[in-house]
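Chains as they are written, first to last, in the working numbering: chain A, 1 to 361; chain B, 1 to 673; chain C, 1 to 281.
Please keep in mind that the hints were generated in silico from the structure rather than gathered at the bench. For every residue, glycine included, the Cβ atom is placed at its ideal position computed from N, Cα and C. Where hints are given, some of them may not hold.
[Claimed, not checked] Within a straight-line C-alpha distance of at most 20 Å, the following computed SDA-like cross-link-like pairs (lysine to any residue) qualify:
{"hint": "1", "chain 1": "B", "residue 1": "298", "chain 2": "B", "residue 2": "256"}
{"hint": "2", "chain 1": "A", "residue 1": "69", "chain 2": "A", "residue 2": "293"}
{"hint": "3", "chain 1": "A", "residue 1": "298", "chain 2": "B", "residue 2": "483"}
{"hint": "4", "chain 1": "B", "residue 1": "535", "chain 2": "B", "residue 2": "571"}
{"hint": "5", "chain 1": "C", "residue 1": "83", "chain 2": "B", "residue 2": "186"}
{"hint": "6", "chain 1": "B", "residue 1": "464", "chain 2": "B", "residue 2": "90"}
{"hint": "7", "chain 1": "A", "residue 1": "116", "chain 2": "C", "residue 2": "101"}
{"hint": "8", "chain 1": "C", "residue 1": "145", "chain 2": "C", "residue 2": "172"}
{"hint": "9", "chain 1": "B", "residue 1": "606", "chain 2": "B", "residue 2": "634"}
{"hint": "10", "chain 1": "A", "residue 1": "69", "chain 2": "C", "residue 2": "281"}
{"hint": "11", "chain 1": "A", "residue 1": "239", "chain 2": "B", "residue 2": "186"}
{"hint": "12", "chain 1": "A", "residue 1": "239", "chain 2": "B", "residue 2": "633"}
{"hint": "13", "chain 1": "A", "residue 1": "267", "chain 2": "C", "residue 2": "57"}
{"hint": "14", "chain 1": "A", "residue 1": "239", "chain 2": "C", "residue 2": "93"}
{"hint": "15", "chain 1": "A", "residue 1": "298", "chain 2": "C", "residue 2": "59"}
{"hint": "16", "chain 1": "C", "residue 1": "83", "chain 2": "A", "residue 2": "220"}
{"hint": "17", "chain 1": "A", "residue 1": "239", "chain 2": "C", "residue 2": "279"}
{"hint": "18", "chain 1": "B", "residue 1": "583", "chain 2": "A", "residue 2": "74"}
{"hint": "19", "chain 1": "A", "residue 1": "298", "chain 2": "B", "residue 2": "632"}
{"hint": "20", "chain 1": "A", "residue 1": "267", "chain 2": "B", "residue 2": "61"}
{"hint": "21", "chain 1": "C", "residue 1": "145", "chain 2": "C", "residue 2": "57"}
{"hint": "22", "chain 1": "B", "residue 1": "360", "chain 2": "B", "residue 2": "464"}
[Claimed, not checked] Per the computed footprint, the stretches of chain A lying under chain C, defined by three or more beta-carbons under 8 Å from a beta-carbon of chain C, are:
{"hint": "23", "stretch": "61-74"}
{"hint": "24", "stretch": "235-243"}
{"hint": "25", "stretch": "260-269"}
{"hint": "26", "stretch": "284-294"}
{"hint": "27", "stretch": "306-314"}
[Claimed, not checked] Distance ranges between label pairs, derived from CB positions:
{"hint": "28", "chain 1": "C", "residue 1": "30", "chain 2": "B", "residue 2": "187", "range": "58 to 68 Å"}
{"hint": "29", "chain 1": "B", "residue 1": "380", "chain 2": "C", "residue 2": "191", "range": "38 to 48 Å"}
{"hint": "30", "chain 1": "A", "residue 1": "293", "chain 2": "B", "residue 2": "87", "range": "45 to 55 Å"}
{"hint": "31", "chain 1": "C", "residue 1": "21", "chain 2": "A", "residue 2": "112", "range": "42 to 52 Å"}
{"hint": "32", "chain 1": "A", "residue 1": "181", "chain 2": "B", "residue 2": "462", "range": "36 to 46 Å"}
{"hint": "33", "chain 1": "B", "residue 1": "626", "chain 2": "C", "residue 2": "114", "range": "55 to 65 Å"}
{"hint": "34", "chain 1": "A", "residue 1": "315", "chain 2": "B", "residue 2": "626", "range": "44 to 54 Å"}
{"hint": "35", "chain 1": "C", "residue 1": "21", "chain 2": "B", "residue 2": "76", "range": "28 to 38 Å"}
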Amino acid sequence: MKGRLIHKDDIIRLVDLLRKDRRVIAPFEGKGRDSYFDEVTDANRGAVALHLPNPYYPPKRYVLPHIQKLFHISDGGRPSVLEIRDEPQVAVFGIRSCDLEGIFHLDRFYLGNTFKDNYYEALRSRLFLVNMVCTDTERDIEDDCFCVCADAGPAARNHFDLQLMDLHDASGEFIAVAGSPAGEALFSQTFFHKAGPEHVARRQNVLEEVRKRFKIATSWYSAATKFITQGGIKDSTWKHIGDRCLECGGCSYVCPACSCFTVTDRKTGPGTWERVRMWDACALSGFTRMAGGHNPRKAVHDRRNRRFFRKLGHMFIQKEFAMACVGCGRCVRVCHGDVGMPTVVEILRRETSTTEATERP
Amino acid sequence: MSHYLTTCTFCGVGCGIYLETTGNEITGTYPSMSHPANQGRICVRGWHVHEVASSPDRLLSPLVRKNGRLEPVNWDEAYDTVASRLKEIRDRYGPDSIGFINSARCANEDGYILQKFARTVIGTNNVDQGTSLYRTNSVEVLREMTGVPAATNSIGELPESKVIIVNEIDVGQQLPTIGGVIIRAKLRGAKLIVVGARRHRVAEHADIFLYIRPATEAFLYAAMAKVIVDRGIMDLDFIRSHCEGYDHFLKNIRSFDLLLAARRCDVSPLLIEQAAIEFARLKPGMLLYSTGAEAHGKDALHAMVNLVLLTGNLGKRGSGIMPLAEHNNLQGGCDMGMLPGYLPGYAEVNDPSARERFSKKWNAKVPEAKGLDTTEMLCETGSLKAVWLDRHNPVVSAMYCDAGTALDRMELVVLQNLFLTRTAEYAHVILPTVAFGEEAVTFTSTERRIQAAVKTVEPPPGLKSAWEQVAEVAWRMGARWDFASSEDVLAEAASLVPAYSGVTHENLTREYGRQWPCTKERPLGTPRLFADGEKIHPFRFKEMSPVFPEEPEQTEFPFVLWFGHSLYYWLHNTLVQHSEVLKREYGILFLDYPDGFIEVNPDDAKSLNVRDGEKIRLVAPAGEATTTARVTAEVRRGIVYVPYFLQEVARRLRGGYKSVEGRTVHVRIEKAV
Amino acid sequence: MNCSNHNLYQPSIAVLDGVRDEIPEVKTFYWHFEDPKNQVAFRNFMPGQFGMVSVLGSGEIAISLPPSPTEERLFFTTRRVGKVTTAMHALKPGDRFGVRGPYGNGFPMTDYYGRNLIVVAGGIGLIPLRSVIIYALHNRDRYQKIQVFYGSRTPKELMYTENLKEWRADTGFECHLSVDRADETWKDHVGVVGSLFKKPGVEMPLENTTVFVCGPPIMFRFVLADLRTMGYENRNVVSTLERYMKCGVGKCGHCCIGAAYVCTDGPVFTLEQIHRLGEII
């Protein structure tokens, strides 16, 4: 069996081991509810937290940075490629199942389809992912979480190298599951010891209890998917949703499954530039504006329509084998007008359940 | 990677954000979830603040104009040049020939040091923030009526208000975090009353939308007061315990004609009545306003505060009056005395004992005469020979003066900024400063929250904070200040401004800043003013003008011109110009309308047969101007909205640069052939 | 193109050979790749594909490929509308710029073998369709009847006038021209492009025919309405769509319409596909 036990006091030894040949990113508590992923150093290693609110700044930035340099350009028009350096190997310790699902989603998007994105690949291939299952119903999970509805949690089924889960009993043991050969190789360490069927059973119990904690019942996803794919949402509904949107872009930025970016050349000196790419959001008016002035999605409600079509439309789910929503709840928290995914799904479901959704010609 | 909790420095909300750094670069930004003002939400500007900080377009060395061209020099030469020329000009023309203007986005430390320099080293009270027009009226009216020139409540209380009035500000664009709080409050059942001549995003959510003609707020709020008084639904307990001047006010308001007011505002009197009753009935109630009211004179402000006093909406959670500062340190700049008539902490310049106190502390005489404000300083017929501009870009943003001509005539223009702006064309010396994230300074948000913006990366070599550069020049002019860091500057400011007396850099970074007054008695600050009944003086009612002039029928000039002030501010903002995404978003209007634009209502446009993007001519009694029409449903019928950056068009239609406080300008629209 | 050593975003260097003024604000840029290997690889492009063109330091944009792969020279034709095209219009022969591509799905010209081809273009909409026309002419015996209907606002705004002259002279196919507003030199048909369909002597086959349409939005709408009235099925009407593009390789998200990425699923779409995109274009 590819599962073992590790005592919670030994987890830091696992972190130390990973630090021997990798940069380890782990979650830390900040002020109040704030938490963030940061690099583990000798100075802060004691503060690595096992149960805490999911850091708000999504870990997708370890494969798709907020700003990323692509290459240098110099005068005479010969660009030189910024070496995609052999970056040190990186481990993200404590990534949640929802965010893991998001990375998987981005993997399919960036490494599949027609072209493979080499920058994404370079960052992704050096990543070692240690998933922490959300089990602490007070600390790990919040009212806005709905991974169960997106089938993205609380325990990821795959896409991790190693998965840790607190068994929440007097023993202080975590159950560890390997998801890759690299993960399994760690089991030779002495702080991993055998797990028995009783631990597997305990794991099941914990997960069942945890699932009851979720407040949002967005099982209405299927209704929303159906209605939005058929194009049966009234214009007035989109107008209402658009009125609540303050066009900040936050929903795209915090979303683990959002992937859009823009590219620009920035001057670095006389005759030299760097081409960088940076996160972009379809919420913004300029996202589709063409030189010459035509903007196919000028009105804010057209842009809101776009976002939810991209997330819930059947064609995308078919193409990507998953919905571009992992139920992490960040868009709920980040939105000024409360038009994050659960609210919009509810609006769409309610508004069309009383009217016939009509087939588009 | 490192994560720093800091304060966003765009607008007056002062959202808590994190900057993420990698090495010596700022590489990311995201909201703080627990910050009491924004709680996990920021606007599009905040989401891109890291792009600005990492822009490679920065000025890296000081520039001095030699033979008509700006040449890079070393720092000593730059400071020496400024010091010697200032000395020369002061000796030849007198101290009042020099002026100092900073931006409402400069830090507290910058503002404090600049006004200290002006007053003690140069010897003049010619200090002001560039946005003077926006807030001077508000400062004076609030001091008079409530005693404190600032918002009375915290942003975090808005969710508890049962009725909210938003006066004439596109809060969803200017302070989006507050716009969001209001939208969510309304969704949870609060009554939203929006007053104004623009139908903006938040107005779409209004329960009652008082879509009034511009510059008629005074009549509207007076009419609402009248309704309340007539029905006897004012809060007499509150009025009797805390206010004075009520009897005069009462007599005056009783003679108000509701129907006439409704006609002048061009809204239904029933709607005014409904709004008044809701605001009186539902408690607690909050009134938010902004710079739109400023330029229309004190009457509107008097009327708004009267309404708040009448309904007893001060001192309790969720009830109060909040002037919204659209720039991140509008409040702090005022607090620090960047005002021609006030010293730090609103001590009056013409108060001998105040001058005495400051003179003693500063060991230098504080000048007696009230100084010139921005418009007077940059007036083309003015007397200034030199001006120091700290991140102020008047060539682009000054509305009531021809800044270019004024600057052209000066013998010395010193400009501090991160990038070259259009004002740089007139500068003799340019001192590049550090950027956000490269210095530890403080800002005071619209809810009086003094907050720290922390240092996250090292600035480019040689660059310093704006205040440090002023101190360098001061040193060369004989001042012997001893500020080792911005903490020392804050400490000195705190010792002179009672409301800041309990504040240190250290305790600001410990929690989420401190809302002033933060004193020994209130070491954690004051989220809500007047909470314990404490006040500076009794609240004061103010009489409204008994008669308001009936506007003659304007058949030849049927449209009312409305001169905008702060809306579209960000389009020209220097920092926005240097962020890729913000530049794209805010640049759309300039790409779509390269020659600028005025705005008209679609129904009006249709009846005039004017299409969006078409060139039109505006004809006013005083003059005419040609411009482009932008047709938008946000603008009321009968109005032509002129954004602040159409300075030439505004000047021609007004017949000069002077503000038209109290007067409306009428135009007719013709197609330009 | 899934080799991972390849840098998807790095342009190859191109050298500008010559510039020709077409109509006001529109220029044609003749170029070749500096590295002959790139030149060879690129030649496999199909009509309807596009390149991502970098004017280094200004940015990168998508530009359609007007040459046919059967022609010698590579060139782009663009109008000056924004930052990058303005920088491009300032380039001089010998200057270097960057090209990535060819990208997009292109017109499946071999699928159309044996069919009648009708090309309807308006204004600068002729730019991408030029490739189709030249390709068809260079493979003349593969296609049946070929008709070109092209119009612009004024005679001065007609594109590729040398080609037009050749096409008018060629008896192997029909080329009909029109302008909305004539000048004193114009001796030909006056009216919108769609009015050419009713020109005396014009017979447009319905069966076994593919219609190519490209032009400004208004022209597009009217021509599609005409074609619908005339009985052309949506799956036989094909166009090339334009959207703001930042990567050209289906990653940045800007060009997505409904469920399709214009850069990888398009830019060529049949009308039937356009209707099924899930978003109004």
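Right, here's what the structure says about each hint:
1. For the hint linking residue 298 of chain B to residue 256 of chain B, the alpha-carbon distance of about 18 Å falls within 20 Å, and the restraint holds.
2. For the suggested pair residue 69 of chain A and residue 293 of chain A, the alpha carbons sit about 29 Å apart, so the restraint of at most 20 Å is broken.
3. For the hint linking residue 298 of chain A to residue 483 of chain B, the alpha-carbon distance of about 51 Å lies beyond 20 Å, and the restraint is violated.
4. About 40 Å separates the Cα atoms of residue 535 of chain B and residue 571 of chain B, which puts this hinted pair outside 20 Å; it is violated.
5. With a CA separation close to 43 Å, the supplied pair residue 83 of chain C and residue 186 of chain B exceeds the 20 Å bound.
6. Using a Cα cut-off of 20 Å, the hinted pair residue 464 of chain B and residue 90 of chain B is violated, with the two alpha carbons roughly 26 Å apart.
7. Under the criterion of a C-alpha separation no larger than 20 Å, the hint pairing residue 116 of chain A with residue 101 of chain C is consistent with the structure, at around 14 Å.
8. Only pairs whose Cα atoms come within 20 Å are accepted, and residue 145 of chain C paired with residue 172 of chain C is accepted, the gap being roughly 9 Å.
9. A threshold of 20 Å between alpha carbons decides the hint, and for residue 606 of chain B with residue 634 of chain B the separation of about 15 Å falls inside it, so the pair holds.
10. At most 20 Å may separate the alpha-carbon atoms for a hinted pair to count; residue 69 of chain A and residue 281 of chain C exceed this at roughly 33 Å.
11. Taking the CA atoms of residue 239 of chain A and residue 186 of chain B, the gap is about 17 Å. The hint holds against a cut of 20 Å.
12. With a C-alpha separation of about 14 Å, the suggested pair residue 239 of chain A and residue 633 of chain B falls inside the 20 Å cut-off, and the hint holds.
13. The hinted pair formed by residue 267 of chain A and residue 57 of chain C meets the criterion: a straight-line CA distance of about 7 Å does not exceed 20 Å.
14. For the proposed pair residue 239 of chain A and residue 93 of chain C, the alpha carbon gap of about 51 Å is over 20 Å, so the pair is violated.
15. Among the hinted pairs, residue 298 of chain A with residue 59 of chain C is inconsistent with the structure: their alpha-carbon atoms are about 23 Å apart, more than 20 Å.
16. This hinted pair does not check out: residue 83 of chain C and residue 220 of chain A have alpha carbons roughly 45 Å apart, beyond 20 Å.
17. Our distance criterion of 20 Å between C-alpha atoms is met by residue 239 of chain A and residue 279 of chain C, whose separation comes to about 16 Å.
18. Between residue 583 of chain B and residue 74 of chain A the CA atoms are separated by roughly 24 Å; this puts the pair beyond 20 Å, and the hint is violated.
19. Pair hint residue 298 of chain A plus residue 632 of chain B holds up; C-alpha atoms about 13 Å apart against a cutoff of 20 Å.
20. Between residue 267 of chain A and residue 61 of chain B, the direct Cα distance comes to roughly 17 Å. Compliance with the 20 Å bound is thereby established for this hinted pair.
21. For the suggested pair residue 145 of chain C and residue 57 of chain C, the alpha carbons sit about 46 Å apart, so the restraint of at most 20 Å is broken.
22. With a C-alpha separation of about 29 Å, the suggested pair residue 360 of chain B and residue 464 of chain B falls outside the 20 Å cut-off, and the hint is violated.
23. Chain C is given as covering the stretch 61-74 of chain A, and this holds because 3 residues of the stretch bring a CB closer than 8 Å to a CB of that chain, at least three being needed.
24. Counting residues of the stretch 235-243 of chain A whose beta carbon lies closer than 8 Å to any beta carbon of chain C gives 0, which falls short of the minimum of three for the stated coverage.
25. Requiring three or more residues with a Cβ within less than 8 Å of a Cβ of chain C, the coverage given for the stretch 260-269 of chain A holds, as 7 such residues are present.
26. Counting residues of the stretch 284-294 of chain A whose CB lies closer than 8 Å to any CB of chain C gives 7, which reaches the minimum of 3, so the coverage claim holds.
27. Check on the stretch 306-314 of chain A: 4 of its residues sit with their Cβ under 8 Å from a Cβ of chain C, so the three-residue criterion for coverage holds.
28. About 60 Å separates the C-beta atoms of residue 30 of chain C and residue 187 of chain B, a value consistent with the hinted range of 58 to 68 Å.
29. One distance hint, 38 to 48 Å for the beta-carbon pair residue 380 of chain B and residue 191 of chain C, is violated here, with the actual separation near 56 Å.
30. Here the CB-CB span from residue 293 of chain A to residue 87 of chain B is close to 53 Å, well matched to the stated 45 to 55 Å.
31. Distance hint for residue 21 of chain C and residue 112 of chain A: a CB-CB separation of about 44 Å, consistent with the stated range 42 to 52 Å.
32. The given range of 36 to 46 Å is broken by residue 181 of chain A and residue 462 of chain B, whose C-beta atoms sit roughly 53 Å from each other.
33. Between residue 626 of chain B and residue 114 of chain C the C-beta distance comes to about 59 Å, which sits within the given range of 55 to 65 Å.
34. Separated by about 49 Å at the C-beta atoms, residue 315 of chain A and residue 626 of chain B satisfy the suggested range of 44 to 54 Å.
35. The hinted range of 28 to 38 Å is not satisfied by residue 21 of chain C and residue 76 of chain B, whose Cβ atoms lie roughly 54 Å apart.
Checked against the numbered hints given earlier, the structure breaks hints 2, 3, 4, 5, 6, 10, 14, 15, 16, 18, 21, 22, 24, 29, 32, 35 and satisfies all the rest.
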